[in-house]
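A.B. asks: Sequence:
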Amino acid sequence: MVENLAGISKATAYRTVDALTDAGLLRQEPSIKVRGQKAWVVPAVVKALEDFADRAGRRTFGS
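Take the sequence shown: its position 18, counting from 1, is numbered 18 in my numbering, and each next residue is one higher.
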């Protein structure tokens with residue numbers, strides 16, 4: 001996806017993702033697979049969403 005969206009080579013995309021992972025800005029999420037491909041998450045965004053959910057009160061479907 002990075003390769004296609006950024007218009008860069010696959011090698012450059014992997015180097016960029018590796019650098020962002022090493023810097024702690026991305027984290028590979030082994031429990032998520034998209035068509036057999038690896039997936040990464042942005043820990044700061046996940047935390048912000050969890051914090052928002054805590055403030056808003058978690059809801060379940062149909063409640």
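Hints listed in this document are in silico derivations from the structure and should not be mistaken for laboratory results. It should be emphasised that the depicted structure is a prediction, and the values quoted were computed from it without experimental measurement. Wrong hints could be hidden among the right ones.
As the list claims (entries may be wrong) - With a straight-line Cα cutoff of 30 angstroms, these simulated DSS-like cross-link-like pairs (lysine-lysine) come out: (1) K10 - K33; (2) K33 - K47; (3) K38 - K10.
What the hints assert, rightly or not - Restraint-style ranges between C-beta atoms, simulated for each label pair: (4) K10 - G57: 27 to 35 angstroms; (5) Y14 - V45: 16 to 24 angstroms; (6) T12 - G57: 39 to 47 angstroms.
Glycine included, every Cβ here is placed at the ideal spot set by N, Cα and C.
A.B. asks: Holds or violated: 16 to 24 angstroms for the Cβ distance of Y14 and V45?
C.D. replies: Given about 21 angstroms between the Cβ atoms, the range holds.
A.B. asks: Given the hinted pair K38 and K10, is their Cα-Cα distance within 30 angstroms?
C.D. replies: With a Cα-Cα distance of about 14 angstroms, the restraint between K38 and K10 holds, given a limit of 30 angstroms.
A.B. asks: Given the hint of 27 to 35 angstroms, check if K10 and G57 actually sit that far apart at their C-beta atoms.
C.D. replies: Given about 43 angstroms between the Cβ atoms, the range is violated.
A.B. asks: Range hint 39 to 47 angstroms: satisfied by the CB atoms of T12 and G57?
C.D. replies: holds (43 angstroms)
A.B. asks: Going straight from one Cα to the other, do K10 and K33 come out at no more than 30 angstroms?
C.D. replies: It holds: about 19 angstroms lies between the C-alpha atoms, which stays within 30 angstroms.
A.B. asks: Do the alpha carbons of K33 and K47 lie within 30 angstroms of each other, as the hint requires?
C.D. replies: Holds - the C-alpha atoms of K47 and K33 are around 21 angstroms apart, at most 30 angstroms.
Going through the hint list in order, the structure does not satisfy hint 4, though it satisfies all others.
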